[in-house]
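Going down the list, the sequences are from chains A and B. Residues 1 to 112, numbered by the working numbering, are exactly what the first sequence covers, in order. Residues 1001 to 1116, numbered by the working numbering, are exactly what the second sequence covers, in order.
The hints are simulated quantities; they were obtained by calculation from the structure and are not laboratory data. It is possible that part of the hints are untrue.
To be clear about the criterion: a stretch of chain B counts as covered by chain A if any three or more of its residues have a C-beta under 8 angstroms from a C-beta of chain A, and this derived list gives those stretches [stated by the list, open to error]:
id, region
1, 1068-1082
2, 1098-1109
Pairs of lysine to any residue residues, derived as SDA-like cross-links and limited to a Cα-Cα distance of at most 20 angstroms, are as follows [unchecked claim]:
id, chain 1, residue 1, chain 2, residue 2
3, A, Lys76, A, Val18
4, B, Lys1040, A, Lys57
5, B, Lys1041, A, Lys57
6, B, Lys1041, A, Val18
7, A, Lys57, A, Gln19
Treat the numbers as computed from the prediction; the structure is a model and nothing was measured. Just so you know, even glycine gets a beta-carbon here, dropped at the ideal spot from N, CA and C.
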Amino acid sequence: GQNIDQPTEMTATEGAIVQINCTYQTSGFNGLFWYQQHAGEAPTFLSYNVLDGLEEKGRFSSFLSRSKGYSYLLLKELQMKDSASYLCAVSEVTGGGNKLTFGTGTQLKVEL
Amino acid sequence: ETGVTQTPRHLVMGMTNKKSLKCEQHLGHNAMYWYKQSAKKPLELMFVYSLEERVENNSVPSRFSPECPNSSHLFLHLHTLQPEDSALYLCASSQARSARRDSPLHFGNGTRLTVT
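Between the sequences and the hints, there should be enough to build the whole structure, so can you do that?
Pasting the structure below:
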């Protein structure tokens, strides 16, 4: 099975940078996803890392280290609208196909 | 517009009722999913349909019954639910997922279900 760990809550200031960490333990690793979920809305896809390194997409970047079982999501130039829950999800190849397991999510609050 | 629409958005039902949740995807995907999201818990996979065939049933109680009549539509039939089944039920779709590279899920806004 998988064990995914991410902080429950974080608070940051508008305009600042925040890093949300995610650690995992799995076999048959097939990539790690980050999703953003605003209250009462659908989770939306932010990033996917399957190789080590940093993927940059505008204000958001995601990093992966497979050997350490570690990823982070980096949000720059924070805006109030970035207040949301950020879900880390790990994909694992099993006999039945790809299995996606979600963490509990990190609730980010952006303050003035 | 998420490309995945779910109805109803909110549902209140008694334990003896029968109701159905509906999901429709407009993205041309060939796999559809039901997830349960409860407070303080990770998203829980309930059912997976790939090419309209159920490929996974994650030990879900029989009071939840899925139906996938075609690749664009997915239903979750509910009967004799318990109060602990109250949660947000999310539908998602994706393209085929390979062992070398996975594909992202596209979620609907969910149905907020309350069982009284």
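A quick look at each hint next to the structure:
1. 1068-1082: violated (count 0)
2. 1098-1109: n = 11 at 8 angstroms, threshold three: holds.
3. A:Lys76 x A:Val18: holds (7 angstroms)
4. B:Lys1040 x A:Lys57: violated (29 angstroms)
5. B:Lys1041 x A:Lys57: Violated. B:Lys1041 to A:Lys57 sits at ~28 angstroms, over the 20 angstroms cutoff.
6. B:Lys1041 x A:Val18: The hint is violated at about 23 angstroms.
7. A:Lys57 x A:Gln19: holds (15 angstroms)
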